[in-house]
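Here the protein sequences line up with chains A and B, keeping their order.
Positions 1 to 458 (full-length UniProt numbering) are the ones given, in order, by the first sequence.
Positions 1 to 458 (full-length UniProt numbering) are the ones given, in order, by the second sequence.
If you're looking for bench data, these hints aren't it; they were derived computationally from the structure.
Computed from a predicted model, the values in this text were never measured in an experiment.
Glycine is no exception: its CB is placed at the ideal position from the N, C-alpha and C atoms.
Restraint-style ranges between C-beta atoms, simulated for each label pair: (1) A:L97 - B:E281: 33 to 41 Å; (2) A:H124 - B:A213: 22 to 30 Å; (3) A:G439 - B:V398: 30 to 38 Å; (4) A:A348 - B:F291: 51 to 59 Å; (5) B:A12 - A:A98: 51 to 59 Å; (6) A:G439 - B:E281: 40 to 48 Å; (7) B:Q297 - A:R317: 42 to 50 Å; (8) A:D7 - B:E61: 50 to 58 Å; (9) B:P328 - A:G439: 42 to 50 Å; (10) A:G439 - B:T271: 52 to 60 Å; (11) B:A313 - A:R317: 47 to 55 Å; (12) A:H62 - B:D3: 52 to 60 Å.
2 protein chains.
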Amino acid sequence: MTDLRLDALRHALPGLRLLDAAADLEHYGRDATRRWTPAPLAIAQPANTGEVQGIARWANEHRIALVPSGGRTGLSGGAVAANGELVVSLERMRRVLAFDPVDRTLTVEAGIPLQAAQDAAREHGLQYPVDFASRGTATIGGGIATNAGGVRVLRYGNTREWIAGLKLVTGTGELLDLNRGLLKNSSGYDLRHLAIGAEGTLGIVVEATLRLADPPPPTGVMLLALPGFDAIMPLFAQLRRTLRLEAFEFLTDKALRHVLAHSGKDPFDSTHPYYVLTEFEVDEAAALSAFEHAVGQGWVEDGVIAASEAQAAELWRLREGISESLAPHTPYKNDVAVRVSAMPAFLAEADALLGREYPDFEVVWFGHIGDGNLHINVLKPAGMAQGAFAERCGGVTVHLAELLEKHGGSISAEHGIGLAKKPWLLGTRSAAEIELMRGIRRVFDPNRIMNPGKVFDP
Amino acid sequence: MTDLRLDALRHALPGLRLLDAAADLEHYGRDATRRWTPAPLAIAQPANTGEVQGIARWANEHRIALVPSGGRTGLSGGAVAANGELVVSLERMRRVLAFDPVDRTLTVEAGIPLQAAQDAAREHGLQYPVDFASRGTATIGGGIATNAGGVRVLRYGNTREWIAGLKLVTGTGELLDLNRGLLKNSSGYDLRHLAIGAEGTLGIVVEATLRLADPPPPTGVMLLALPGFDAIMPLFAQLRRTLRLEAFEFLTDKALRHVLAHSGKDPFDSTHPYYVLTEFEVDEAAALSAFEHAVGQGWVEDGVIAASEAQAAELWRLREGISESLAPHTPYKNDVAVRVSAMPAFLAEADALLGREYPDFEVVWFGHIGDGNLHINVLKPAGMAQGAFAERCGGVTVHLAELLEKHGGSISAEHGIGLAKKPWLLGTRSAAEIELMRGIRRVFDPNRIMNPGKVFDP
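The following block holds chain A by itself, in its conformation from the complex (with noise of 0.2 Å):
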């Protein structure tokens, strides 16, 4: 390394590790959107606050940007480094801080994985209940960053509300100690949640007390198999009232082809156009009648209920294994969000229109239906250039974008802007809203060294 910049940082911090070979510049370059080719200037895995924030005095003097970097899982491309940025990964910081079986809080590192801190606070008869497929690798600030939501949110709702503090090194390498665990503090701006979901555009959030809730109780799962689309918002409409639901999750058969293509058996005999994972709080009776219900509705054709933890954790595998499976088909991602009473318009209107604007593509659906929320992603045919791909489906989101605005809805429910959705922030944001939050980076970053590029910033 003969950079002078990074001897300089060198110079300021002695203990801080720092990778620039080519292999590390391309992992930790790029997240799980492999659209961008990674050019970070190099790594910084700082081990400790006080190395975060001499990072950032340092990119201020120099006007260096850095790009905050967890489990790279996020599908935006918010942690992208594709233009000489130094990468700040936060790798080595993921110790478990404190347990405070009163407050019921767990403190961590921010770059402790979501399953680590998991399992944390399992051994302490407790649980954080934010969940979602990629938690043996997305870390806690990763999931702060984008608010991450997952398939819990239909009773546990997003990150946002299980974050009782937050450490957050600003743009100009202050240290703010935000909301220090109180349950109740109303001293002004709650600036706590104006870093949650900022994808790393006003600081590096460090360190977080997350919050824990009594342990799941004990669930039941089920999937049915749905004869048409019109079936699926009176189906949640019933089992909303009748069980308590921890889960509802929507798959196409498309989907469910590509997981079963990748391994596990079909849990039906024939096929089906749609289905419905379920998970709800055990209740034999109550679960029998309402699919009986259903099934005299017209709404399901067919159904499994899991006899075992075994058999749940395979049911779940038909759901959480549709990205993966995906994967190798490089797939254009939508995650899209309307309010639960506007989802049956918008479902028919967006099948209409991605029927006509994609007809020679594959499109797979699926998502956390329960929240509004739909994934739906586009295959690219084998053989097509990226950059072509990319293009035509960015010429179809700027209709599905407008549909977006139609409804009410947002262009990104759980995943971010980053740099994928950037395109199409207006629509889902007015002007005046980017406006004030281009002014409110200014305030925490006036020299725009944080994942600059990134969510609104030109």
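Based on the hints, put chain B in the right spot on chain A.
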């Protein structure tokens, strides 16, 4: 009215209702603090959002400060207009605009009283679970301004958790439609959460979409008599473990005596130094067993359980009637919070501090101890001048603020900072945080139109 600026306002908004009778200026110029002498320019009562925007534009042109005004039940002076401001009273904007049974949301104008919103939710078989004693007068907009807490936070959280969307007229007159009722929306900064708790310094909340919950379960209410301070936290831990708590409220015998002097009847035959009022999901066996265990441990000396809804209301009145019964003594109100785990040490030190500093004053303690939130009211001795009293109390608050800083607490749990707590914001929030808040405010309100001089504003 001959003020030329008001003439310009009348010209710009011919239909706007303006009041300037002396009685109106006094009525609308103050809140429940009674410490500042009201001196507004006039009172505007807009009938719709367009008029609020027009007022903000006029205020920018003429550099007139605006004070947003709800039910003026605030306890920190946040709604006080003492410097020629125009009070913007939302009392004509109190309609229920929409109910959605699928989203389970109620959309209201911000001037609607809390109780009217609660009643509207109940008519649809649901509840808006934020609740506090001034429910008949306090407005939804005012609750949003301070992120109001109240007596159900233990179970349901603060106001923030129940706001699915809000509309804000900023300091430049822009109308923002924030989050639009979505459950999931990761599309840049969540400005909704920035507006919640901003005490009107970023703009005027004109509309809110409230999340509703299932109706409350059948509950039981107990009043327990405690022999000493040290019993409170172990009792809380035990009840939280064995019952599903809806509320856990604390009061001293002094507080009870004030309520009983006002009205009502002592439920116990003898006095006890401390009391806990707790509400919980009905489970008679568990409640009895918890009570017996607490008596066995020496945490509880006596107890009564409500046998009817009327008796439950009567017990609640002993807690909710405190503020009203103290009002004639124009108390100096402290509204402090620490983490629940820090409560025992904080309680002991605060008790010693206040005993030492106020040997001659009556000090009344009560609060939402299950949330780490204590109200400490210092009663003004009869005959002492208000100014001298406030100065003396301010001198003690310096030490209380130091104690809070030491224990990681907050100078305001739920009342807000307003004017009353502004001198002690530093300690709860760092200098860097205060600078950031000022910077954010400049982004939303470059001309310092919105509630200037409050919270952190010089």
